[in-house]
Amino acid sequence: LTLTSLDGDAALSHLRERPAHGPRGPMRLTDEQEEAVVTALRAPLSVISGGPGTGKTSIVVAILRAALAQLDLDPSAIALAAPTGKAADRMRRAIEGGLRAVAEPSPTDGALREALPEPRTLHRLLGWSPARGAFRHHVGNPLSERLVVIDESSMIDVFLMERLVESLHPEARLVLLGDAEQLPSVAAGAVFRD
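Numbering (our numbering), first residue to last: 1 to 194.
What the hints contain is simulated information worked out from the structure, not anything from laboratory work.
Cβ atoms here follow ideal geometry from the backbone N, Cα and C, with glycine treated the same way.
A hint or two may mislead.
To be verified - Label pairs and their calculated CB-CB ranges:
(1) Arg24 - Glu162: 41 to 49 Å
(2) Gly51 - Arg136: 29 to 37 Å
(3) Arg28 - Gly110: 18 to 26 Å
(4) Pro107 - Arg132: 25 to 33 Å
(5) Gly133 - Arg28: 42 to 50 Å
(6) Gly53 - Gly140: 36 to 44 Å
All chains, please: the whole structure from these sequences, using the hints.
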């Protein structure tokens, strides 16, 4: 995986040729959504913000599909997480629905549908141990995943964001999704909004 080697046009052509379908037919990504997909695959950090109904789920599904098709990632190299179990479950259902909406899935789309990583809470992703009072993953023991997608990022406090960033593999891409106007963090800091 190299950040500069991605062919943005090739990544998007895969999505354009095999779009998701809704009640009114094919659902095409807007120019801004396409830019978000390419940026998420190229940059080490991407922030995708928007209120309900702005297409964040469509962007995430497109990022996952393009990552498998263009970066030659295996589904096991992807981590999906959210601050709470309820948010992780909503994330799973939304992504599964988005993948089912692809009318003519490619072999990589099929592989993603079959082996979609289970969204976890951030604490489970980072391996929190209440007994030790520490996380399993950190600078000295980073996550193995190369694409980490976090939903409801507005709920992440400063402490947990620091732990997440420290635990990333040096070649990983981090995609933060959320709405800065919703679900503030319970602990200190509004990292996503700020």
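**Request:** Take the C-beta atom of Gly53 and the C-beta atom of Gly140, compute their distance, and say whether it sits inside 36 to 44 Å.
**Result:** holds (42 Å)
**Item:** Outcome of range test on Cβ distance (Gly133, Arg28; 42 to 50 Å)
**Value:** holds (49 Å)
**Prompt:** Is the hinted range of 25 to 33 Å satisfied by the C-beta distance from Pro107 to Arg132?
**Reply:** At 42 Å between Cβs, range violated.
**Request:** Check the following: the C-beta atoms of Gly51 and Arg136 are separated by a distance inside 29 to 37 Å.
**Result:** With a Cβ separation near 35 Å, Gly51 and Arg136 satisfy 29 to 37 Å, so the hint holds.
**Range hint compliance [Cβ, Arg28 to Gly110, 18 to 26 Å]** = holds (21 Å)
**Request:** Take the C-beta atom of Arg24 and the C-beta atom of Glu162, compute their distance, and say whether it sits inside 41 to 49 Å.
**Result:** Holds - the Cβ-Cβ distance for Arg24 and Glu162, about 44 Å, lies within 41 to 49 Å.
Taken one by one, the earlier hints fail for this structure only at number 4.
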